[in-house]
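A.B. asks: Sequence:
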Amino acid sequence: MIVCPSCGTRNEDDEQFCGGCGSYLWDEPEVVDVPAATHADPADATASDTAAAAGPGAHGTDATTTAVLPRPEPAPPVLPDPVTPTGAQDAARPTAGPPPAASTAPPATGGASATSASNAAPPAAVPPTGSTSPAVASTAGQRVAPAGPDVTTPGPATRTARDAGEAGTAQRSDDAPAAPAAGPGTEQDADGPDRTRREREAVERESAQRAEREAAERAAARTAAAAALVAPPPPARPTAPAASTQPAPVRPGATQTPRPPRRPAPADEQPPSPGDLVCGSCGAGNTPTRKFCRRCGASLADAPVAQRRSWWSRLWRPDPRRARSAGFRPPRRRRFPTRPVVALLVVGALVAAVLAFRPEIEKARIAVVDRIQGNAAVNPVQVVASSELPERPAAQIRDGATNLAWSPAAPGDGVGQFVDFTFGEPFRLTRVLVTPGASDVETDFLANASPEVLTLTATTSAGTQQTVEVPLADRVGLQDVATGIDDVVAIRLTISSTYRATPTTHVAVAEVEFRGR
Numbered sequence: 001m002i003v004c005p006s007c008g009t010r011n012e013d014d015e016q017f018c019g020g021c022g023s024y025l026w027d028e029p030e031v032v033d034v035p036a037a038t039h040a041d042p043a044d045a046t047a048s049d050t051a052a053a054a055g056p057g058a059h060g061t062d063a064t065t066t067a068v069l070p071r072p073e074p075a076p077p078v079l080p081d082p083v084t085p086t087g088a089q090d091a092a093r094p095t096a097g098p099p100p101a102a103s104t105a106p107p108a109t110g111g112a113s114a115t116s117a118s119n120a121a122p123p124a125a126v127p128p129t130g131s132t133s134p135a136v137a138s139t140a141g142q143r144v145a146p147a148g149p150d151v152t153t154p155g156p157a158t159r160t161a162r163d164a165g166e167a168g169t170a171q172r173s174d175d176a177p178a179a180p181a182a183g184p185g186t187e188q189d190a191d192g193p194d195r196t197r198r199e200r201e202a203v204e205r206e207s208a209q210r211a212e213r214e215a216a217e218r219a220a221a222r223t224a225a226a227a228a229l230v231a232p233p234p235p236a237r238p239t240a241p242a243a244s245t246q247p248a249p250v251r252p253g254a255t256q257t258p259r260p261p262r263r264p265a266p267a268d269e270q271p272p273s274p275g276d277l278v279c280g281s282c283g284a285g286n287t288p289t290r291k292f293c294r295r296c297g298a299s300l301a302d303a304p305v306a307q308r309r310s311w312w313s314r315l316w317r318p319d320p321r322r323a324r325s326a327g328f329r330p331p332r333r334r335r336f337p338t339r340p341v342v343a344l345l346v347v348g349a350l351v352a353a354v355l356a357f358r359p360e361i362e363k364a365r366i367a368v369v370d371r372i373q374g375n376a377a378v379n380p381v382q383v384v385a386s387s388e389l390p391e392r393p394a395a396q397i398r399d400g401a402t403n404l405a406w407s408p409a410a411p412g413d414g415v416g417q418f419v420d421f422t423f424g425e426p427f428r429l430t431r432v433l434v435t436p437g438a439s440d441v442e443t444d445f446l447a448n449a450s451p452e453v454l455t456l457t458a459t460t461s462a463g464t465q466q467t468v469e470v471p472l473a474d475r476v477g478l479q480d481v482a483t484g485i486d487d488v489v490a491i492r493l494t495i496s497s498t499y500r501a502t503p504t505t506h507v508a509v510a511e512v513e514f515r516g517r
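Quick note: the sequence shown uses full-length UniProt numbering, first residue 1, plus one each step.
By construction, these hints were calculated from the structure, which means they are not laboratory data.
Glycine included, C-beta positions come from ideal geometry on N, C-alpha and C.
A couple of the hints might just be wrong.
[What the hints assert, rightly or not] Here are the simulated EDC-like cross-link-like pairs (lysine to aspartate or glutamate), alpha carbons at most 20 angstroms apart as the crow flies: (1) Lys291 / Asp14; (2) Lys363 / Asp486; (3) Lys291 / Asp13; (4) Lys291 / Asp302; (5) Lys291 / Asp276; (6) Lys291 / Glu12; (7) Lys363 / Asp276.
[To be verified] Derived Cβ-Cβ restraints for the label pairs, each shown as a range: (8) Pro340 / Pro471: 53 to 59 angstroms; (9) Asp486 / Pro411: 36 to 42 angstroms; (10) Pro318 / Thr467: 47 to 53 angstroms; (11) Arg251 / Pro331: 56 to 62 angstroms; (12) Thr257 / Gly8: 24 to 30 angstroms; (13) Pro340 / Trp26: 52 to 58 angstroms.
Build out the structure end to end from the sequences listed, making use of the hints.
C.D. replies: And the structure:
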């Protein structure tokens with residue numbers, strides 16, 4: 001649960017806006033930047049002491065002093081100074097009496113002041129690195145004692161100052177010409193100038209290499225210090241537990257803000273459930289008790305309520321199922337074969353229905369076929385009537401003219417009078433078209449009687465007969481009556497009843513047509 005800091009309303013973990021006031025629910029509290037405590041580093045103190053001991057001459061002849069930045073790692077250990085050769089000590093040992101070069105040498109700036117006396121002395125008198133301290137080297141008028149192997153390790157400040165002095169000496173010796181030979185009291189080796197020149201070159205090379213190493217170390221220290229200013233504080237490394245149970249001093253470290261707990265990853269958004277308030281801005285579903293949307297914070301004052309889908313909609317498009325979590329294993333169980341059983345039941349019901357309603361289905365099929373294919377006109381080869389008027393013979397019932405008709409010879413209702421039609425080959429009779437009355441003109445139609453019911457007797461090729469009643473309406477025009485008799489070879493139309501029959505009028509039939517296939 002997430003408690004809103006503004007109104008105190010409780011909200012679910014996956015909600016982003018408060019349901020009571022609509023405020024945004026921040027993932028983490030506001031963090032106030034606190035300046036880290038300033039603490040001293042032993043590496044920084046060592047570097048500061050080194051810079052103070054070396055003085056401005058640590059960088060050659062520059063007069064400006066550069067602040068030493070803290071190093072992230074301690075400096076590598078300094079190797080012991082090489083042993084001064086015996087010949088070099090003898091050559092560096094001056095005789096009694098102050099040499100004139102020390103008093104006449106001009107004062108140097110920075111690190112050159114520590115090596116002014118050495119530059120004024122003969123080249124053979126330059127001592128190797130680490131043989132004497134800078135204070136002894138700067139005193140040109142005193143005798144140098146023979147130096148043996150250095151058994152004591154100089155401190156960091158002494159080494160830095162000495163290395164800076166040697167770097168200045170190497171630079172000075174490269175720029176200035178060689179100093180004249182020492183006074184008459186100076187001791188020299190038996191080899192003479194060649195050995196002195198070799199020793200001087202060796203000292204110069206060693207000094208140059210040391211100066212290059214120091215320059216590389218200073219550049220690396222500046223780069224690491226600049227990266228440490230912009231980079232986050234390194235993670236604390238685990239340390240071994242202290243052997244003593246007594247409390248020990250602890251170096252202060254940078255203040256670390258506690259990491260807020262992460263919210264669980266939101267699951268797939270589910271569609272609104274029935275009864276939820278649907279947000280009009282983002283479409284998210286909200287509980288009915290909320291006043292603001294949990295996703296976008298919009299007001300839910302006019303939000304519609306999600307309705308339950310109809311059963312037929314859920315039948316064709318069911319609701320999506322919830323996704324299973326990773327590693328889910330459904331329980332193994334034997335299920336009833338619902339789908340195969342339902343399919344078999346449906347097929348059995350269809351077969352039973354077809355068998356039960358087979359005659360009706362067959363009639364429907366035949367009716368459809370008759371409607372589509374049974375519209376061909378079938379003409380008889382012979383027409384014979386039971387009786388006829390001379391002006392209205394039986395041949396006029398098939399002449400194609402609707403103003404000419406057939407009438408029995410005797411006046412009256414004409415019940416029992418008939419006309420026979422003979423066909424050349426069997427066919428299926430589908431329809432009979434009759435135009436009752438003397439004509440299709442209404443005056444002539446009303447002046448004579450017309451048949452009300454005609455009895456159709458069809459003779460098949462097998463010799464059987466089928467009788468069909470053909471009812472007619474008392475109106476002008478063609479009238480259609482559907483039949484369905486197979487293998488018809490002869491037809492008889494008999495008058496069964498008439499309209500408007502009088503003793504003086506005759507019953508008339510204007511035209512008869514047959515359709516079949």
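A.B. asks: For each hint, tell me whether it holds in the structure or not.
C.D. replies: Hint by hint, here is what the structure shows:
1. Lys291 / Asp14: Measuring from Cα to Cα gives roughly 17 angstroms; hence the hint holds.
2. Lys363 / Asp486: 13 angstroms, holds
3. Lys291 / Asp13: 17 angstroms, holds
4. Lys291 / Asp302: Given pair Lys291, Asp302 holds - Cα atoms ~10 angstroms apart, limit 20 angstroms.
5. Lys291 / Asp276: 12 angstroms, holds
6. Lys291 / Glu12: Holds: Lys291 and Glu12 sit about 14 angstroms apart, inside 20 angstroms.
7. Lys363 / Asp276: 56 angstroms, violated
8. Pro340 / Pro471: 53 to 59 angstroms: With a Cβ separation near 54 angstroms, Pro340 and Pro471 satisfy 53 to 59 angstroms, so the hint holds.
9. Asp486 / Pro411: 36 to 42 angstroms: 39 angstroms, holds
10. Pro318 / Thr467: 47 to 53 angstroms: 60 angstroms, violated
11. Arg251 / Pro331: 56 to 62 angstroms: 59 angstroms, holds
12. Thr257 / Gly8: 24 to 30 angstroms: 25 angstroms, holds
13. Pro340 / Trp26: 52 to 58 angstroms: Given about 57 angstroms between the Cβ atoms, the range holds.
Hints 7 and 10 from the earlier list are contradicted by this structure; the remaining hints agree with it.
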